[in-house]
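Got chain A sorted already, so can you dock chain B onto it with the hints?
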Amino acid sequence: NAGVTQTPKFQVLKTGQSMTLQCAQDMNHNSMYWYRQDPGMGLRLIYYSASEGTTDKGEVPNGYNVSRLNKREFSLRLESAAPSQTSVYFCASSESGGFSYEQYFGPGTRLTVT
Amino acid sequence: QKEVEQNSGPLSVPEGAIASLNCTYSDRGSQSFFWYRQYSGKSPELIMSIYSNGDKEDGRFTAQLNKASQYVSLLIRDSQPSDSATYLCAGYDTGRRALTFGSGTRLQVQP
Numbered sequence: 266n267a268g269v270t271q272t273p274k275f276q277v278l279k280t281g282q283s284m285t286l287q288c289a290q291d292m293n294h295n296s297m298y299w300y301r302q303d304p305g306m307g308l309r310l311i312y313y314s315a316s317e318g319t320t321d322k323g324e325v326p327n328g329y330n331v332s333r334l335n336k337r338e339f340s341l342r343l344e345s346a347a348p349s350q351t352s353v354y355f356c357a358s359s360e361s362g363g364f365s366y367e368q369y370f371g372p373g374t375r376l377t378v379t
Numbered sequence: 022q023k024e025v026e027q028n029s030g031p032l033s034v035p036e037g038a039i040a041s042l043n044c045t046y047s048d049r050g051s052q053s054f055f056w057y058r059q060y061s062g063k064s065p066e067l068i069m070s071i072y073s074n075g076d077k078e079d080g081r082f083t084a085q086l087n088k089a090s091q092y093v094s095l096l097i098r099d100s101q102p103s104d105s106a107t108y109l110c111a112g113y114d115t116g117r118r119a120l121t122f123g124s125g126t127r128l129q130v131q132p
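Keeping their order, the protein sequence lines are chains A and B. So in the working numbering, the last one in the first sequence is 379, and the numbering has no gaps at all. So in the working numbering, the last one in the second sequence is 132, and the numbering has no gaps at all.
Just chain A, with the same shape it has in the complex (with noise of 0.2 Å):
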């Protein structure tokens, strides 16, 4: 089992270009996360799936869309890139939305916007 997947690892984008993270998992988890870690500022939530079909928004969710594909993938999608979205992105996945079961990431995305 390869767990969370995600790609790509590194990119670099400039002011008000668009681009996809993807995430896929292969746990058969219900639930997926997004979210993205900046110094001193901890991991915070971009928005999350329950379960397939559904989206809510997470802590810090302007600037980002998201779209549950199905139950193993989740895409997080940057439609005009700001310097501010430069951080580190990861994607996490449980066996339920009830956050009493434990989350498990991927590898992380480094996002750069210049």
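Hint data in this document are derived by calculation from the structure and do not stem from the laboratory. All clues stand as given, with none of them false.
Short, incomplete list of chain A residues facing chain B, as computed with Cβ under 7 Å: (1) L308; (2) F355; (3) P372; (4) G373.
Predicted model only: the values in this text are computed from it and were never measured. The beta carbon of each residue, even a glycine, is placed where N, CA and C say it ideally should be.
Only chain B this time, still in chain A's reference frame:
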């Protein structure tokens, strides 16, 4: 206001000693807590979860939860240089219905 607080460290301990990492939280309704280990440049790795008051042991790791005092701790026995990492505490925020992460404590185990 940060709802899960950790001392950023670094916490430095000699090899073989017990490392004690602490975390406090403000949401009295939180029921679930997690400890993650994160090596520099890597993703968080779940090492312990705890849901009820008391201690939970797994190998060299012991998680402790005290809901009355609103703190969670992680003890690492027989610390090894390979334990050097940042340790993230996370709690389930009943208001936002989401996990809230602390900013992490950096642990350095000196050989």
